[in-house]
Amino acid sequence: MPELAEVEYFRKQWNPGMGKMVKEIIINKKARVFRGEKTEVIKKLIKQTRFNTSAAAAKQMVFLFDKNLWIGIHLGMTGRIECRPKNQTSIKHDQLILKMSSGHQLVFNDPRQFGRVQFFQGEGVPPWWAKISPAILSKEFNEKEVANFLKRRKGSPIKAVLLMQERFPGIGNWMADEILWRAGFHPASRAGKFGAKSTHLLFKNIREVCRDAFRVIGKDWSDPPDSWLFNHRWKKGGRCPKTKVLLERKTIGGRTSCWSPTRQKLGAERR
Numbered sequence: 000m001p002e003l004a005e006v007e008y009f010r011k012q013w014n015p016g017m018g019k020m021v022k023e024i025i026i027n028k029k030a031r032v033f034r035g036e037k038t039e040v041i042k043k044l045i046k047q048t049r050f051n052t053s054a055a056a057a058k059q060m061v062f063l064f065d066k067n068l069w070i071g072i073h074l075g076m077t078g079r080i081e082c083r084p085k086n087q088t089s090i091k092h093d094q095l096i097l098k099m100s101s102g103h104q105l106v107f108n109d110p111r112q113f114g115r116v117q118f119f120q121g122e123g124v125p126p127w128w129a130k131i132s133p134a135i136l137s138k139e140f141n142e143k144e145v146a147n148f149l150k151r152r153k154g155s156p157i158k159a160v161l162l163m164q165e166r167f168p169g170i171g172n173w174m175a176d177e178i179l180w181r182a183g184f185h186p187a188s189r190a191g192k193f194g195a196k197s198t199h200l201l202f203k204n205i206r207e208v209c210r211d212a213f214r215v216i217g218k219d220w221s222d223p224p225d226s227w228l229f230n231h232r233w234k235k236g237g238r239c240p241k242t243k244v245l246l247e248r249k250t251i252g253g254r255t256s257c258w259s260p261t262r263q264k265l266g267a268e269r270r
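Quick note on numbering that gives the first Met the number 0: the sequence shown kicks off at 0 and runs consecutively.
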């Protein structure tokens, strides 16, 4: 599933249509991604409105149009946001197409339909957008709140805790592994065992990995450098880019985890 930086990258794919009018909207009425939405009403509302701006938060993105109309998209497992030229024909699994006055086609394509498209019109922001936790790189995300959250989840492995979206919005499996590898903590370490120094180190690396992910992946989908764990964690046989020892893999907290046995030892979190 796309994580923080991947979502930011896909959000920008509709930028060529920004400031332009929606001339036509095509919706796959049978698609599960529109569950609960009145698609015919939405089509009438959005037509002839201007696409003004967009934003990404956690694993979601929103696109704002005139009349305070919002389109919210969650990519799910296989969703993609694309901008296509005027004459390109629709392809299989296109669920939403906005044909713009500039000639661009703004497309949401989702083969497995685990994603979701939501619409909102009204005062303020959509409820589903307002409830997203503070962004990790914002001032509201601070070390004290992280420390308190670890205490409340004291019996859980730290890997599972980092995937809890109510505190760490947008962090997914590979980012959690990258954070723990850089900080030197075993993914099975219990959250309640983290001392003050370890909590500070964890907090620092959470923000660092997010910044780096935005800078590399979020900017233009570049491949991360080999100095990251990222390029070595996906298959068995990968080696730690620091120590060159074989990486270990195991399901922890319900998710496949990858770590360096020499860099990430149980007990390091007690500092």
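A few of these clues could be false.
Derived DSS-like pairs: lysine-lysine, alpha-carbon spacing no greater than 25 Å straight-line [said to hold, decoys possible]: (1) 143 x 153; (2) 46 x 138; (3) 66 x 46; (4) 46 x 19; (5) 243 x 192; (6) 66 x 22; (7) 264 x 150; (8) 58 x 241; (9) 91 x 66; (10) 37 x 143.
Restraint-style ranges between C-beta atoms, simulated for each label pair [what the hints assert, rightly or not]: (11) 150 x 254: 17 to 25 Å; (12) 225 x 130: 34 to 42 Å; (13) 14 x 38: 22 to 30 Å; (14) 36 x 270: 47 to 55 Å; (15) 129 x 38: 43 to 51 Å; (16) 143 x 84: 23 to 31 Å; (17) 79 x 39: 22 to 30 Å; (18) 222 x 111: 18 to 26 Å.
To be clear, the hints were calculated from the coordinates, so they are not data collected in a lab.
All figures in this text were calculated on a predicted structure; none of them were measured in a lab.
Ideal Cβ placement from N, Cα and C applies to all residues, glycine included.
Hints that the structure is at odds with (numbers, increasing): 2, 5, 8, 9, 10, 15 and 16
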